[in-house]
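Protein chains in written order, with the numbering used here: chain Z, 1 to 566; chain V, 1 to 228.
A few of these clues could be false.
What the hints assert, rightly or not - Cβ pair distances, simulated, as ranges:
hint, chain 1, residue 1, chain 2, residue 2, range
1, Z, A65, V, R142, 22 to 30 angstroms
2, Z, V211, V, R2, 31 to 39 angstroms
3, V, R142, Z, T354, 34 to 42 angstroms
4, Z, A151, V, V57, 40 to 48 angstroms
5, Z, G67, V, H19, 31 to 39 angstroms
6, V, L109, Z, R391, 47 to 55 angstroms
7, Z, S316, V, D193, 45 to 53 angstroms
Because the hints were derived from the structure by calculation, they are not lab data. Predicted model only: the values in this text are computed from it and were never measured. Think of the CB as a built atom: it goes at the ideal place given N, C-alpha and C, for glycine as much as any other residue.
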Amino acid sequence: MGGEFNLRRKPGVRPRIVLSYPDAYEVGISNPGLQILYELVNDRTPAAAERAYCPLPDMADLMRARGVRLWSLESAEPVAACDLWGFTLPHELACTNVLEMLDLAGVPLRAAQRGEGDPVVMGGGPAVADPWPLAAFFDAFFIGEVEGRMAAIVEALGAPTRAGRLAALAAVPGVWLPHAAQAGPVERQVFTDFARTPPVERPLVPLVEAVHDRVVIEVMRGCTAGCRFCQAGIWYRPVRERPVDMVVAAAERALAATGYDEVSLVSLSSCDYSGIDEAVRRIRALRPGIRVSLPSLRIDSAATSLAGFAAEQRGSVTLAPEAGTQALRERLNKRVDEAQFDDAVRAVFSGGFTGLKLYFMIGLPGESDDDVVAIAAMAATAARRAKEIARGRARLSVSVSSYVPKPHTPFELEPFAGEATLRRRQALLREAMPRHVRLSLHHLESSLVEATLARGGPGADRLVEDAWRRGARFDSWTEHFAEAAWRGAAAAAGLALGEPAGEGAPWGETGSAAPWHAAVDARVTPAFLEEERRRATEPAATADCRDGVCVSCGVCGAGVEMEVLA
Amino acid sequence: MRTWLVSFARRGPARYLSHLDTLRAVQRTFARAGVELELSEGMRPKPRLSLPLPLPVGAAADDELAVARVTDAAPSARDGLLALTAAAPEGLEVTALRESPLRARPQPLRARYACEVRGDADAVAAAVEAFEEDEPPRVVRRGPKGTKTVDLRRSVGAVSCRATPGGAHLEFVVRYDVGTAARPQEVIEVIADKAGIEPVLHRLRRVEVAFAEAARVQHAPTQRSART
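Chain Z with its partners taken away, still in its complex shape (with noise of 0.2 angstroms):
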């Protein structure tokens, strides 16, 4: 761990800021937003960045055991010491991981314990659009997305007294102290210089095996194909989109500075992005043996986006139908119909790729067990095209997920399917899914702790504490997740697994009185949201913004706008 290409080490500078990412190292390093952060408080403000991921449990117990406190990877100094402790934080079950971290620093566990000598503890990433579960740790919380907001941060930190910085950090734009008197929900920031900002140019590189293991660059920012199920597609609005010769140029300069021969070009939906073909080969022409991907592939043009991949680098590929039936996407809004997925897969293994993932959902609003068989039936089609244009050489595999209805969505107070009518539509899955296509059902005891603190309110901070201590950590690892201390702390909560935590959940059929719209403004108005919720009910299709049509949305104006290549 550390000691990676590109790291930044600037001693005994002040403010030192400590940026963390709640899991295992070999996740965290692969995190692109840590990567953003720790690129501009190092090169463009006076602020030294440093880093610290969550210890897996062995050695958390040796550190224990030994009374080693957590350190930083950079000046391998305490993380205690730090003026701010930063923590990107990407979902739910990445709770207890802060928990332990906090707790393996020495740093009181609770905002309110902390005193003068502790650092600022601070939270961003999209698991803020509800900070409810976790508030009680934090000192602040940051509401969208920071890039603008940096130098301002720093700023506040050269106050002389821990009041002051969280008082200087309060007048910061974006920025909710959970603890102090605020009027109102804070507004979620948008980087409205995303478009004349360069990406990552020389990002950290890991030595040790990663997850996402290739240089990324972000192409695009904010995605409103409108599916109503997506919370990143709120959180992230309006759409940006970063010019092609900024792609390319930083694309060059981060392979030089990184040794890879891979480049990702990432967004929530790269192939919307305006410059896809041109950036794809001027990438690969830059030198030979560079490969270009693509994280994932709209099944509506996907036939067009996989023409685009050189025959050496056809591996596998995802598609997201997400729903199995025609009536339940276009509740959706998710607008693919059975031709346009045939063509995608004919796609797929007329054009050599070796390996097709398909994407579903079960526990969908308005889903019946219908449309579960139905992803059998779709995986069904697709053996078949495998079959008769691949010849058994290419693998299929379905890989199915449970919904959890997100804060800040049209479905943000829909019913959770709940365990049982989760648990029954897996089943009836295994049973009707062809033998020969893999079957990956996600864990379905860790998507009831997903549901319990997507939607929580306050109070639900004694939940994840109570389950941290009876021995929850890694929750989104299936080997460390431990069922038996979620349930008994749900239980002492009076909850059971699956039903929001906090008090006054649930939170009835108006979204104003859900407690994250009292903390976070995302800036999409109550009524879009009752809108599109409607809509999902006809269902009626809602158009993508980037087609001309304005879906009054609410997040564009006072100098926040769409910025698409011409």
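Using the hints, position chain V against chain Z.
Just chain V, lined up with the frame of chain Z:
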């Protein structure tokens, strides 16, 4: 196609890298330095780069060897050394580069290891004596293909020990031309067991490696000191 023999040291946190991680770090150092490696032929071409004697995880090393086949476009050995030195990550220090006319991969003959252990130095000295004079020390290795008993004394020699503050400094030589060679941690564990102390593997260091005659190069190596 040209062959470069690159000497490097592995220190600090880099000593915890596995063999494959070390190989990948060296490969990326070449890419960052702008030195193009030859690729193997076949469906999935791989860079022609090897580390002839894998290092144990946790072991530091003063003088390791990487064998690289570079394209004709690669710079001179002197410029290549400068570029690799600048491009290497923390903990991997490129110390010398020489161009070799030979194509055969160098075969390791023997390596000298050093280790600091904590505990009673007299007990360690007695354990070293016993290691060399008592019944041949054997270890049993268990793997997917069954068990294998290895006689450590067959490949281990020149074991020495001197007292240090709080412990002892151990040195020994492992030969690689006598069949199954001992793993350094096996040697330390046997001695530590005899001495009744804890085997502290993170202080293991490979001091030098000797290769067979075929790897020797006719002309003098380019040393880092020559440029500074």
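Query raised in the report: Which earlier hints can't be squared with this structure?
Result: Violated hints: none; all satisfied.
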